[in-house]
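Q: Listed here are the chains, written in short residue letters.
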Amino acid sequence: MRRLTWFNTVSLTIGFAFLYIPMLILIIFSFNESKLVTVWAGFSTKWYGELIRNEAFLDAAWVTLRVAVLSSTVATVLGTMAAYVMVRGGRFFGRTLFSGMIYAPLVMPEVITGLSLLLLFIAIGLDRGIITIVLAHTTFSMCYVSVVVSSRLVSFDRSVEEAALDLGCTPFQAFRLVTLPIILPAVASGWLLAFTLSLDDLVIASFTAGPSATTLPIKIFSSVRLGVSPEINALSTIMIAIVAVGVIVASLMSKNAIARQAREEKAAAQT
Amino acid sequence: MNPRKALLILVPYLWLLALFLVPFLIVLKISLSDVALSIPPYTPTLDLSAGWAGFRDFLSELDFENYVFLSEDSLYWKSYLSSLKIALISTFLTLLVGYPVAYGMANAPDEWRPTLMMLVILPFWTSFLIRVYAWMGILSNEGFLNQFLLWTGLISEPLTILNTNTAVYIGIVYTYLPFMILPIYATLEKLDASLLEAAEDLGCTRAGAFWLVTLPLSRPGMIAGCFLVFIPALGEFVIPSLLGGSDTLMIGKVLWEEFFSNRDWPVASAVAVVLLAILIVPIILFQRQQQRQQEAEQ
Amino acid sequence: MSDPAPTSRPDVFAPWNDPNQRPLIQFQNVTKRFGDFTAIDDLTVDIYAREFFALLGPSGCGKTTLMRMLAGFETPTEGYILLDGQDIGPVPPNKRAVNMMFQSYALFPHLTVAENIAFGLKRDNLPKDQIAARVDEMLRLVQLQKFAARKPHQISGGQRQRVALARSLAKAPKLLLLDEPLGALDKKLRTDTQFELMEIQEKTGTTFVIVTHDQEEAMTVASRVAVMDHGKMIQVDTPDRIYETPKSVYVADFIGDVNLVEGVATSHQKDGKVQIHWAEGKEPIIGTPMQPIADGTRCTFAIRPEKVHISKEHPEGKTNIMQGKIIDIAYLGNLSTYHVQIPTGEIFKAQSANTRRIERRKFTWEDNVWLWWSETAGVVLTE
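Protein chains in written order, with my numbering: chain A, 165 to 435; chain B, 214 to 511; chain C, 53 to 435.
The shape of chain A in the complex, shown without the other chains (with noise of 0.2 angstroms):
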């Protein structure tokens, strides 16, 4: 009894409009020709040239790449070793404090977590610069990882593993050769949250990043908060376009992979 009425279709299409508009606004305008934003004087893509120019911006963007590629990669790995020991590691000492500092990161407020992030890096004498936010944002986003891979190791059956070890596998190989290609999807999409996790971040880099390394959120956050500029509009044209390519990318490949899985699983059973 799934029917669409009248009030479903107003409700969707006021709520994805909330959701859309003022990502559309900011598209739009950043094609203005005027360096006011919010008056309509002409298409231009003059400030996309103007970002091009701006070496301190592609400097952040260098860093920001970086440190994301960096800190995901590690996150990845760590944070699927802890969600493979939370979910299949049995008993081990100190097993609810390793649960409880997986899941408080994902609360903290970030604001907490910059802070004592940069007072450890201070009391250790660390120098702060890329190594410091890679630290820092590995930290974080392994937490996220190790969510994603843990969800999908709880789902999958358990007996697949069991039959490697019973057909011969060292625990090792069955993790390399059956856990782990089954499990693979979702460490890519774990990494893929660190990564744009980190891409976003602003407030732990804010607390972690020296004068030496500025990252884009930085320089965004610094540039927005004297104003709307259309410059920042160019910007986060990009950023949505290369997000919005991936999700209907990704969103399309999947949809595919499952038609054509339950089409082969359709044709299998009427043999």
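Here are the simulated lysine to aspartate or glutamate pairs, EDC-like style, with alpha carbons at most 20 angstroms apart:
(1) A:Lys419 / B:Glu402
(2) C:Lys203 / A:Glu429
(3) C:Lys414 / C:Glu365
Just so you know, the hints here were simulated from the structure itself, not pulled from any lab data.
Since the structure of chain A is provided, determine the placement of chains B and C on it from the hints.
A: Then chains B and C, alone, in the frame of chain A:
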């Protein structure tokens, strides 16, 4: 235990100990210290070379001065209260906006759903900062909202929205909306449609069936969504600092300013400790609720 | 044990009756506890090579735990499990000459049918051509040559079941464990596959231990059936003996349909028969106990419905005769089960084959009928 398994446990364990637990203990310690003008700007520092005596000296110099200061200066407890108020109101508003959208999605034809789902998730992957920034151009005095309202003739003078609490509410509802929609949609989608048919068969009107069946059964999703909005909203920094005004008091912003502008690390640390103490209640409630939910599903 | 003399005909497979045979698997006083819960309770049993041994019981009776201990996924809390005379307690699952076919099949979803079958062989670092030859042989055994390159989700449930079987047989284990192997198949396919399993077991000469909750399946495939309850083996016997001469009320009731009558025994006749007094003012039931029982023992008389005859006329010269009225008929196609109520209120079930078309059937509801059975048709149980 074999060495491989030990390694598997130890690596992430030590990482989290060193980069999560230890930093937090440092915050706790500094919140009990005094401000100093040197770098690092707090005393005492723990001098391990002095051994036990050093440790005792260190302990004896710790005090709750910073916490006393927090309780005496009305700025702090006002901003805690105001953070709570803003987080509560905006959570409620997000629920009001999010529920009908989730409900609409759950009633949409099967072939639309993956697309609608994607449309909800897409903003989540988009930069938070950019999404907040987008509203600056809309809410300002000469912004699009005012232009639109003036054009329709509803108002004759531009409204001041940017740099007020209203703008903060709008910002929180906008950025956290997916966190509200997704868990509600998840419970509504699982809802057995024959339950509603049974309710109507037994004499309910459609509205009655919604009120008596759908709404109570989607409660777990609503609760989860509310926590997912409330917890991060409480410590929010970006939204109040970009959309709020100078009179918008939110504790995340206060902490930031205490640290970066006043360079008072001990007070900033004390603010952080109190914020965490306030957050612990909803976090534990949330985890309990999630556990109950999981058990109920098994 | 007071079993009747062992059947010593050489063509009958019965190693458990041959004192010279050495068992392949020995459970010696095995106990397994999970916290407070005792899953296996001081269990001792021998299983012989080439046996098809079925563990039968309700869920939670410990049969799966027993099997998982054989595979190496659980270790006994107390006692020993010997395989070929060697304690396998400390041997991890990947080092055991035991393979398992999982209830969920546990096929590797990312590998093809052939790769699934080759998986265990590759772990032994066999040369490539040997692996290929063995995989081929296995595919032929389960008739899946055409599907070698398919992934598990591209084949039907029945085919998946056969891949799982081939995979677990590929390493030629001494012992194959089957955990509810046919549970996911529909009835028709299940019956066919039971015979296929038996054929494969005979062809490969592997010892099979099967866990099942389906008694018909256990009776069909097994050389011996162990009926389990609460971590103990209530009775271990061949299917026919489990059915015909159950040792306890539990087994009689668990396997098949049965009429149970409680009473007190008085032995009276020279040939070892007893009278069972079961209701005030009723003729005692005459039964033949397997071992002598003392006067005044409380016992239960158990008789299968198909051994209770039903007729319209008073049977002349028969024993254990009762009169009653048909109150219910369960028509099963080939058979009908009649529920007959006798004047004191008890209900007896009698079964007869439907050799004639339905409109020419002799009995119908409310008919007065006579029931009778011979003195050796039922069993007298004291447990």
